[in-house]
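What follows is each chain in one-letter form.
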Amino acid sequence: MPDTVVVVGAGLTGLACAASLPGRIRPVVVDRIPVPGGVHGWDTDETRSAEAAARSRGAILHLGETATRWDGEELLVMGQDGVRRIPARALVVAAGSRPLGRAELGLAGPRPAGILAATVACHLSETGLLAGRRPAVVGGGDWAARAVAELLHAGAEHIQVVTPDGVLRRFPESPALTVRTATPVAVEGGPRVSALRLQGGERVECDALVLAHGLVPLRNVDGAVWEGARTVYAQPADDPATVSAARQAGAAAAAEVEQMLDAA
Amino acid sequence: MRVRSPIGDLPFTVTGVGREGGELVVHGELGAWRSQVRMSAADLPMLARAMRGPLLVAGAAGVVVLVARAIR
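Going down the list, the sequences are from chains A and B.
Number 163 in our numbering belongs to position 170 of the first sequence; there are no gaps in the numbering.
Number 20 in our numbering belongs to position 39 of the second sequence; there are no gaps in the numbering.
So here's chain B without its partners, still in its complex pose (with noise of 0.2 Å):
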């Protein structure tokens, strides 16, 4: 997994996936910094509208592999 930042593309390691409070805690590093990404359920909206393109395209994929299985 990488991470494109202003100081160039770093490397990022998934070290530990968590709950803490209520949150979604990703424990990873960052190169050689020790870094976490933490979403709550205030995030959901925010997730949903930035998939909201995949999330159609497997609906509607969804759908069609229903359909098919259904006239089968």
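Chain A on its own, in the form it takes in the complex (with noise of 0.2 Å):
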């Protein structure tokens, strides 16, 4: 029976590790979205290309099942048939990145309504649900540049971008768009966010607050969260994301299991 190795993630990152595992190992691959593809999405050709390499691989796809708990040989999932318990000999974390969140961020202050993220900014805009008509966005980067095409196409007003660290991605043209480079401190308001306190005391005025700034690897299975018991991290924080650099960080954690395995 061949060792199985789970994999948390069907993004490009995760299908490339699984396709890249050697032939000793079953590869199973764990994602709480019910399609494969991560931020990349499921309908590209890079996403229908690297899922089926995992699969012509031998990889199973678990999709739709939230991994939740990992001891060092078997990883808890949790899907719509209920609890599934995954004996593995290594874990593989390829669950992506996500900026900054507040406390990372180092915003002082109250804690009020209308501060988000800006992936759930991303979603909810997409969906028609407008964060704000007049909402601040920390960050110059990709995610920051997704959020104010979102919330434009959505309806915002009025957008003030301010970007720590001047960075500036492809923004969208707009009236409706002020952008400055300055280093936010605190948030303002209560019980929903009213400005966006920055460094000199300038406050930029806000009815939401996206976060967008910086890439941190998103750990959210226990037990996995920092080193781990047989853990491989393949978590590659490019901004803007590329495919290249998904594959060879997803070919690396497939080397770095081998050897680990190896070693045991």
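No lab work stands behind these hints, which were simulated from the structure alone.
For glycine and all other residues, C-beta sits at the position ideal for the given N, C-alpha and C.
Do not take every clue at face value.
So the derived list for chain A, only partly shown, Cβ under 10 Å to chain B, looks like this [as the list claims (entries may be wrong)]: (1) E119; (2) E249; (3) Q252.
Pairwise CB distance ranges, derived in the manner of DEER restraints [claimed, not checked]: (4) A:E195 - B:E4: 57 to 63 Å; (5) A:A169 - B:P(-13): 20 to 26 Å; (6) B:R19 - A:T171: 47 to 53 Å; (7) B:R33 - A:T176: 34 to 40 Å; (8) A:V160 - B:D(-10): 26 to 32 Å; (9) A:R77 - B:D(-10): 25 to 31 Å; (10) A:R185 - B:L28: 35 to 41 Å; (11) B:G43 - A:R185: 47 to 53 Å; (12) A:L211 - B:R(-15): 20 to 26 Å; (13) B:D(-10) - A:R185: 26 to 32 Å; (14) B:M(-18) - A:T59: 22 to 28 Å.
Grab the two chains, each in its own frame, and use the hints to assemble them into the complex.
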């Protein structure tokens, strides 16, 4: 019976990892979203080809199921059919990355409603739910550009972008957009956010705050948050994300898993 | 077929249509999730309201076709 290795994340990195594992290993890929592709999307040639490569390698895909806990020997997964326990020799975390949260940005002040991660703001805007008519967006990278485009499309009247490091990706041309380089230090408002305070005391008035600065690995499997027994992390944080970086990270994780199992 | 949802655009594949206990049931898969759309007679007024515009257009087009045929 081949060794099983579980990969959490069916994005391009996770699929590339599954496809790159040696033949003596049976890859099992788990993703909470019911389609493969992750942030790259399911309806793309790259995703179709990555999925086909993983499946032809013998990978089993459990899509629409959420990995919750890894104890070094078994992954606990919750899905439509209930709880699944997947015994495995190793875990690969390929769960992608996310923008920095409020605490990581060091934003002081009260905790009013209306502060969203860019990932959430984008999903809401795509479904026609506008986070705010006059939102402020912290960040100038890929997630910020995506959030600005989605907010404008959803009907935002004026967006103020505050980029802490001066980075500015391809932003849409719009008179409703104001961009400045500054360091945000605090949030004001209650019960809903009313302003973002900048270093030096300037205030950016807003009715929603979208956090889109920086990228850190998304870690939400208990037992595999920082290190974890028999755990390999494959989470490139390139901004913007690229297909080649995802493939390289997946292949590198597969090689690391092989070394780990050989050494055990 | 696609369904736009808060977790993104997902593919919806219809795998069967049947009747269960007076309901019309469309069986399908939303990505990997088994899904069903169930419709009963109580849903007809809502559907009629939602489709009022297209139904009126279709009705008007039908009348035009009938009149044109009668004139010939």
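Evaluated hints:
Residue-level restraint check for E119 (chain A) holds (minimum Cβ-Cβ distance to chain B is 7 Å; threshold 10 Å). For the restraint placing E249 (chain A) at the interface with chain B, the shortest Cβ-Cβ distance is roughly 28 Å, beyond the 10 Å limit, so the hint is violated. Because the beta carbon of Q252 (chain A) sits about 32 Å from the nearest beta carbon in chain B, more than 10 Å, this interface hint is broken. In this structure, E195 (chain A) and E4 (chain B) meet the distance hint of 57 to 63 Å, their C-beta atoms being roughly 59 Å apart.
Here the CB-CB span from A169 (chain A) to P(-13) (chain B) is close to 24 Å, well matched to the stated 20 to 26 Å. Separation of R19 (chain B) from T171 (chain A) is about 48 Å and conforms to the stated range, judged on CB atoms against 47 to 53 Å. Checked against the hint of 34 to 40 Å, the pair R33 (chain B) and T176 (chain A) fails, with Cβ atoms roughly 54 Å apart. Between V160 (chain A) and D(-10) (chain B) the C-beta distance comes to about 28 Å, which sits within the given range of 26 to 32 Å.
R77 (chain A) and D(-10) (chain B) have their C-beta atoms about 26 Å apart, which keeps the hinted 25 to 31 Å range intact. Our hint of 35 to 41 Å for R185 (chain A) and L28 (chain B) holds, since their Cβ atoms are close to 37 Å apart. In this structure the hint that G43 (chain B) and R185 (chain A) lie 47 to 53 Å apart at CB holds, the actual value being about 51 Å. For L211 (chain A) paired with R(-15) (chain B), a C-beta distance near 23 Å keeps the hint of 20 to 26 Å intact.
Separated by about 29 Å at the C-beta atoms, D(-10) (chain B) and R185 (chain A) satisfy the suggested range of 26 to 32 Å. Hint check: M(-18) (chain B) to T59 (chain A), Cβ distance near 25 Å, so the stated range 22 to 28 Å holds.
In the structure shown, a violation is registered for the earlier hints numbered 2, 3, 7, in ascending order.
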